[in-house]
Amino acid sequence: MFFKQLATRDASLSYFFGCGGLGKAVAVDVVEGDETWFIHEAAKAQVTLTHVIDTHVHADHVSGGRKLAELTGSAYCLHENARDSVQFDFESLHDEQVIAAGNVLVRVLHTPGHTLDSTCLLVSDKRRSEAPWFALTGDTLFVGAVGRPDLAGREREMAAMLHDSLHTKLLTLPAELEIFPGHQAGSACGAGLSGKPSSTIGFETRWNPALGLPRAEFVELLLGQIPPRPAEMDRIVAINTGQVAAPHEV
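Quick note on the working numbering: the sequence shown kicks off at 211 and runs consecutively.
Just to be clear, a hint being listed does not mean it is correct.
[Stated by the list, open to error] Only pairs whose alpha carbons sit at most 25 Å apart, straight line, appear in this in silico DSS-like list of lysine-lysine:
(1) Lys-234 <-> Lys-336
(2) Lys-406 <-> Lys-234
(3) Lys-214 <-> Lys-406
(4) Lys-214 <-> Lys-254
Since the hints were made in silico from the structure, they are not lab data.
Required output: the full structure, derived from the provided sequences and hints.
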């Protein structure tokens with residue numbers, strides 16, 4: 211299996227990984243303007259991009275996922291919950307679904323809280339083990355922090371939902387499992403993010419200040435440290451949900 215992390219604009223982290231032996235690849239959380247990077251990387255690796263996944267409808271940057279999918283003929287994927295807001299067609303993902311890209315398997319975990327459609331992705335390499343090798347945690351779990359709960363409104367309800375997603379889905383995973391989040395320090399999608407672009411479940415369980423708190427205290431912590439809204443959030447969400455044309459469509 212090959213794996214690449216791309217540090218891009220707005221403190222975002224994107225991912226490109228797959229099975230070199232069988233020539234299949236997946237792109238995750240592509241930022242608008244980076245589409246050619248993924249195309250070039252696929253050509254260098256001699257692989258076909260089969261799936262482009264956004265872990266949720268982003269509010270801090272324009273997604274390049276749909277454009278990349280169009281350019282490569284791959285499936286553009288969001289969790290099925292996004293159908294409530296998105297006005298274009300996409301391939302729906304559901305909880306516990308498994309996507310195959312050659313020998314690489316991607317298991318979808320629905321982890322609402324940052325947004326209602328948030329997902330995390332557990333990635334395995336069958337040639338190594340059926341067990342997950344790492345997780346892409348989107349805006350659910352960061353290094354040193356967790357996702358903000360207020361972007362959809364109902365922040366108290368969403369914070370409680372995020373606590374449940376973390377404790378029933380992610381923190382039950384093996385302590386040694388690597389995590390790769392959707393953002394690092396400088397992002398508006400959470401408070402207190404580290405500049406380190408990866409961690410493990412075990413390290414975060416021990417040292418992430420939010421993860422050891424009971425549900426009620428977790429909710430109050432998040433509500434007390436909500437950062438300013440992302441710049442141009444309304445325009446960005448309108449583009450990412452198809453309410454207005456994307457830059458490449460104008």
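Status of each hint after checking the structure:
1. Lys-234 <-> Lys-336: 14 Å, holds
2. Lys-406 <-> Lys-234: 28 Å, violated
3. Lys-214 <-> Lys-406: 15 Å, holds
4. Lys-214 <-> Lys-254: Answer holds: Lys-214 to Lys-254 is near 13 Å, not above 25 Å.
Violated hints amount to a single one, hint 2; each of the other numbered hints is respected by the structure.
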